[in-house]
Structures are given as C-alpha cells and as structure tokens.
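Please model the complete structure; the sequences and the hints are all you need to start from.
Number of protein chains: 2
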Amino acid sequence: MTSVSDGPSRVTISDIAERAGVSIGAVSFALNGRKGVSDKTRERVLRIADEMGWAPASAARSLAESRTETFGMVLARDPRNLGAESFYMQFLAGLETELAQRGYGLLLQVVPSREEELATLQKWRRTRRVDGVLLMDVTLDDPRVELLAQPNALPALVVGDPSVAGTLSCVWTDDASSMEEAVRYLAGLGHTAIARVGGLAHFAHTRIRDDAFTKQMSRLGLSPTVLRTDYTAAEGARATREALASSVAPTAFVYDNDIMAVAGLAVAMELGRRVPDEMSLIAWDDSVLCEHTFPRLTALSHDVVAFGSHVARRLFGVVDGAEPGHFKDSTPVLIPRASTAPAPGSA
Amino acid sequence: MTSVSDGPSRVTISDIAERAGVSIGAVSFALNGRKGVSDKTRERVLRIADEMGWAPASAARSLAESRTETFGMVLARDPRNLGAESFYMQFLAGLETELAQRGYGLLLQVVPSREEELATLQKWRRTRRVDGVLLMDVTLDDPRVELLAQPNALPALVVGDPSVAGTLSCVWTDDASSMEEAVRYLAGLGHTAIARVGGLAHFAHTRIRDDAFTKQMSRLGLSPTVLRTDYTAAEGARATREALASSVAPTAFVYDNDIMAVAGLAVAMELGRRVPDEMSLIAWDDSVLCEHTFPRLTALSHDVVAFGSHVARRLFGVVDGAEPGHFKDSTPVLIPRASTAPAPGSA
Numbered sequence: 001m002t003s004v005s006d007g008p009s010r011v012t013i014s015d016i017a018e019r020a021g022v023s024i025g026a027v028s029f030a031l032n033g034r035k036g037v038s039d040k041t042r043e044r045v046l047r048i049a050d051e052m053g054w055a056p057a058s059a060a061r062s063l064a065e066s067r068t069e070t071f072g073m074v075l076a077r078d079p080r081n082l083g084a085e086s087f088y089m090q091f092l093a094g095l096e097t098e099l100a101q102r103g104y105g106l107l108l109q110v111v112p113s114r115e116e117e118l119a120t121l122q123k124w125r126r127t128r129r130v131d132g133v134l135l136m137d138v139t140l141d142d143p144r145v146e147l148l149a150q151p152n153a154l155p156a157l158v159v160g161d162p163s164v165a166g167t168l169s170c171v172w173t174d175d176a177s178s179m180e181e182a183v184r185y186l187a188g189l190g191h192t193a194i195a196r197v198g199g200l201a202h203f204a205h206t207r208i209r210d211d212a213f214t215k216q217m218s219r220l221g222l223s224p225t226v227l228r229t230d231y232t233a234a235e236g237a238r239a240t241r242e243a244l245a246s247s248v249a250p251t252a253f254v255y256d257n258d259i260m261a262v263a264g265l266a267v268a269m270e271l272g273r274r275v276p277d278e279m280s281l282i283a284w285d286d287s288v289l290c291e292h293t294f295p296r297l298t299a300l301s302h303d304v305v306a307f308g309s310h311v312a313r314r315l316f317g318v319v320d321g322a323e324p325g326h327f328k329d330s331t332p333v334l335i336p337r338a339s340t341a342p343a344p345g346s347a
Numbered sequence: 001m002t003s004v005s006d007g008p009s010r011v012t013i014s015d016i017a018e019r020a021g022v023s024i025g026a027v028s029f030a031l032n033g034r035k036g037v038s039d040k041t042r043e044r045v046l047r048i049a050d051e052m053g054w055a056p057a058s059a060a061r062s063l064a065e066s067r068t069e070t071f072g073m074v075l076a077r078d079p080r081n082l083g084a085e086s087f088y089m090q091f092l093a094g095l096e097t098e099l100a101q102r103g104y105g106l107l108l109q110v111v112p113s114r115e116e117e118l119a120t121l122q123k124w125r126r127t128r129r130v131d132g133v134l135l136m137d138v139t140l141d142d143p144r145v146e147l148l149a150q151p152n153a154l155p156a157l158v159v160g161d162p163s164v165a166g167t168l169s170c171v172w173t174d175d176a177s178s179m180e181e182a183v184r185y186l187a188g189l190g191h192t193a194i195a196r197v198g199g200l201a202h203f204a205h206t207r208i209r210d211d212a213f214t215k216q217m218s219r220l221g222l223s224p225t226v227l228r229t230d231y232t233a234a235e236g237a238r239a240t241r242e243a244l245a246s247s248v249a250p251t252a253f254v255y256d257n258d259i260m261a262v263a264g265l266a267v268a269m270e271l272g273r274r275v276p277d278e279m280s281l282i283a284w285d286d287s288v289l290c291e292h293t294f295p296r297l298t299a300l301s302h303d304v305v306a307f308g309s310h311v312a313r314r315l316f317g318v319v320d321g322a323e324p325g326h327f328k329d330s331t332p333v334l335i336p337r338a339s340t341a342p343a344p345g346s347a
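For the record, the sequence lines run as chains A and B.
Just so you know, the working numbering puts 155 at position 155 of the first sequence, and the rest follows in order with no gaps.
Just so you know, the working numbering puts 20 at position 20 of the second sequence, and the rest follows in order with no gaps.
Just so you know, the hints here were simulated from the structure itself, not pulled from any lab data.
We treat Cβ as the ideally placed atom computed from N, Cα and C, and that holds for glycine.
Take the hints with a grain of salt, since some may be wrong.
[Claimed, not checked] Anything over 12 Å on all C-beta distances counts as not near chain A; from chain B, calculated:
(1) A20
(2) V22
(3) I24
(4) V37
(5) S38
(6) R44
(7) E116
(8) A119
(9) D174
(10) A201
(11) H202
(12) D210
(13) D211
(14) A243
(15) S346
[As the list claims (entries may be wrong)] Just some of the chain B residues that point at chain A, by a computed CB distance under 8 Å:
(16) V110
(17) S113
(18) V288
Next up, the structure:
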C-alpha cells in the first residue's frame, strides 16, 4: 500500500522536462500553475508528470514533512440534490467525529462531472493536498478505482461493495441481505405486489439492491416491480403516484432513502389510502425523520454516523500502511414501526 | 482588509527566536510540529508566533506562490445534530456550486468546543491551510470575530447579522422582518395564541428572531410564547406536546427549522388535532421536506443553496481585498401552503 510518507519521490522536474522535450523552467511554470507556458504545453507536462508519478519534493516536504492532516472527498453530484436526503450530512458528521479527534480536516469538493472528479484527484496527488481520499458513489468499472490502484497514487478507500473496489480497501454494508429481509418481512405480512423505489441505476449499490430485490421476489414466486428515481422527494412522489394508478397497484413500497418514503407517505394520504391498513411503506436508510412522521416509518436502520466514523478509521489505516482489506460494516436491520401491516384482505 | 497575497511576511523565525529566548532551530521544530522541543517551549513559541502575526514565508510561498485554493469552515457542533436539519447540507451544496466553478475546495472541520474552534483557526493561519474562513453560528461577543479582526488574521466572512460582525464583512438575512411577517399572517387568520419553537439561545440569530417575535406579538396586543429547543426533531416534538397540554394551548406554531415542524405535525396528527383546521404550523427554513408532507407545510422560504453561493462569492471578494461590507441576502418570504388556516372559531 502506497503511503505519503514513503520517502522522497524519485521523479524530478528534470526527468519530466526531458520526457516532455521542454525546459525545466517550462515544467516548473506548468506544475505551479503560473503563466509563461501555453495551455497545450501545460497539459502535456501535467499529463507526463502524472504518468511518471511525480510529486513535489523539497518545497512541499519542508512545509509539512509528514502529513497534511487532511482527507479528501470529491463528489460528482448535482449540489442541489446533495441537501435533500440525510445520508450525506449524517455520513459527514460521522467522519468528522473521528477526524476531529485527530485534528484532521476534510477537504470536500463537489464537481459537475466524472471527468472533473478524476482531474481533481490527480491534482490533489500532484500538489499533496490530502493524505488520503474516499471514493463514494462507486459505479461498475469505475475509472477512479483504476487510477487510485496505480503505484504512487493517493492512499484511497472505497466506500462501497468489494465487487467494485478492485485492489483497494473498502468499507461496505451487506445491502443484499437487508433487502432480502425487507422483502421476506413484507411477504410474511401477505403482500404480493411489492414495489422497490430505487435510486440511480449506475451506482453499484443500486444494482446490488435491484438484484437482491428481484431474486428474493422470484424465490417467493412474486413478480418484482422496480421503479427508477434520482433519489429526490419529487421523484419518490411521482413513482408512488404512478404505481398506485396502475392496474395492479402495489400494496407495499420499499424506498431507497428517507425523503422518498416521506414523499410516498404524503401521496398515500393525499389519495386517501390509509397507511398502514391499505398500504405499507419501508424507508432505507432510517433517519430521525422516519421517527417523526405519522405514522412513523418502518425502516432499514443503519447507523450512518457510526458508518462514517468507521470509514474514517479505515482510511487512517490505509494511510498508515495497513494491509488492504474489505471491511464489512454492520448490516442494516429492519425496525418495524407503524407504516407496515398485513396486506389488505390477507388477515 | 488583510489578504493572503499582501506581500511577504515581515516577521521571521529569528524574530520569534529572539522574543522567545530560544534557538532558531527550536522555533523551527516548534512551528513545524516536529520533535526536539519540550511541549512547554512549543506552546510558548506558537503563542509568540501568533502574537507577532508570523506566517511561513519561503517554503509555503514556493509551494503555492499565491493561493491554497481552499476555504475553511470550522463548526463547534455535536456532529450527530448536524445531520438532522437540511440547512447545513443545502448551505454546503450552495458553497460548493460556487467553489467548484473556481476549482476551490472546502476544508470542513467539526470540533467539540469553542476553544478548539479558536485553536483551529489559529492553526490554519499559522500553516496557511486556507485562503479564507467562514464564521457560522455567531454568538453575541463571539471571540472568533475579535480574533479575525486582528491584523495578519485570516481573511474571514461572518455568516450572520451585522450587529455581531464587528469590523468583518458579513452576509445576512433580515430575519426580523420575516418573523414579523409570519406573526402578522397568523394574527390576520385570527390566531391569538401563537408559539415560537426556537433554537439555541446563545446564537445571535436566535436572539434576533426571539426579539422580533416578542415585539411583533406585543404590538398586536398578544402574549408571546417562546419555547426553547436544540433544533432536533425530538425537542420539536416535545415542545409541541407540552404546549398543546397547557391550559391555553397555542393554535399556531412557528418552528425554527423544517425537521421540528415535521415533528410537530406528527404530534398533532397523533393527538388527533386536525391540521390546519384546529392547528396551524409554519416552518423556517423551507425545504424540499416541507413540500412533501401531508398537508404541505407553510414556510418561510429562503433559497439556502443560493445563500451558500452568495456567501462563497463574498468570501472570494474578501480574499481579493474588496472593501468590507454588510451584504444582505434575500429576505425569507412566507409561502402559504396547506398547514395554515383561520383560527378555530374565528371564521
């Protein structure tokens, strides 16, 4: 496992100048983001510096011989959607609990695209801005995983399933088991028409939940309905409304976050469907919000704050050179509250 | 206005060594956080360096001649409470929208106490970790305002009222006007027993809302009820429950955030009080959540994402040496939805 304190870098500015066929001065200008070289030259120099695994030597090292005391997290998300669900703030809060104890800060950057996400990670490595990074919202064949598995890459931890972590360490939750539990619970209450209101399809954890839902429904001889959303309350409401208007309306819904479940509950009330008598709802993840609706929401409960702290501890491990590993966090468990009941007519 | 690009620092390590009566080497060890000096010496050197306004010169400057491309935010809050309300994530999302456009990151640190908050700000200045800082949750006589008003301090922006910003720039919202509007609106609907469910008393903005509520109620010849909470859903529910159990139960409630209003709505439903026929509720700030409850919540609406972006732009201004100023953001406006109606018996 590569660590930032692994002795001096062997690649020098002269090496880069030679490979790029430009002067040492030009390389220096390019690496320090100063004027004096063309954009084209700057891009070539930065690319070559990246390829060669260059990191600033003396200047950076004399400023902070060892650590930056900062972890980085770059998110390719629409900033407006970040605020809607409670997951991220809970997760950040958990990270901060651990970081604060060690005097670390979190460098958070939200970017508009996956390309910018990669560029930011490369820039952070080049400028030694952080000691390590967290990878969130991992997709299948995620290019960040490949980038960070290279020698001289920033120490990194995947927050997600081992199946998409490659050779990197990861912290994960067994979402498949949780989903199976939710389906078994609803089927046990006599529900046969169950809908999953899922999040964005390109995220690996969405795919894992989709698969688990579909397989468990099939095992029980039931026909699965998967509704696609972008995690927003508006989409959760729309999906619920459309499903309830269909010829075989579901009598139970499993939502991929808390805010969509709350929105689904409001749609049910507006349409005069009694919850839980006529319709059951399950939220995932559980949150303070789920405990303060009426009726209170049955939820798959996972201590997201503790999860964030666990992730921070594992990233400290990675930075300190611990053996890579796949670390399982606690599995979300079903907390039955007042939003689930036997299916209508099944009693 | 002090700026990080204001030419070279005039205080040298020798100056500090002379004042502290120790060797230059000892100062260097202390400032760079290396072993080789006693804790006592380290503390004295750091204190003297702070007093003299020392900032690292050559090493830091040669690494990044101008900017760190990072803004800092340190919060003295219980991390578990940070995730409950949507304000912070919306605000962060707004900041990030602006920062992302300029390639800036946000260094976020959550600390357990006000003392640690001050220490973190001092450390950031000493190590040039950030280009500027935001002050949130400003209190009356806030020691951070005094610290950051000193020469050589980090460029800073207060997110809060001009009355507590001292000589620093600030971005603020006219909460007093918004509160007056909410009270007038409820009084216009015939409500006479109105309760404010307020946040933490030591925050300046809580005090401003308290005062505006009390004054406006008095102007209308009504007796004000202010209930104190810590912004959590549990406290919002408790305050609502207690108020409804009192001999003159309020018929209208104005909550200091969205999650407490949602919790209050659930309490009303549980107790069989019909909203809005028997009880009116107003949330502040408005959020996606308020639009997806049933009935939907009347709210004081403020675009918190846009507010965050505005704050980021003003901090760029401060760092660039703009004239200090008190910048007013848009005033939260009342959005009547389905949770407010004429007071019972007033029609």
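Hints, one by one, checked against the model:
no., hint, result
1, A20, "holds, 21 Å"
2, V22, "holds, 20 Å"
3, I24, "holds, 15 Å"
4, V37, "holds, 15 Å"
5, S38, "holds, 19 Å"
6, R44, "holds, 20 Å"
7, E116, "violated, 8 Å"
8, A119, "violated, 9 Å"
9, D174, "holds, 23 Å"
10, A201, "holds, 22 Å"
11, H202, "holds, 21 Å"
12, D210, "holds, 24 Å"
13, D211, "holds, 29 Å"
14, A243, "holds, 16 Å"
15, S346, "holds, 26 Å"
16, V110, "holds, 4 Å"
17, S113, "violated, 10 Å"
18, V288, "holds, 5 Å"
Of the numbered hints stated above, those contradicted by the structure are hints 7, 8 and 17, listed in ascending order.
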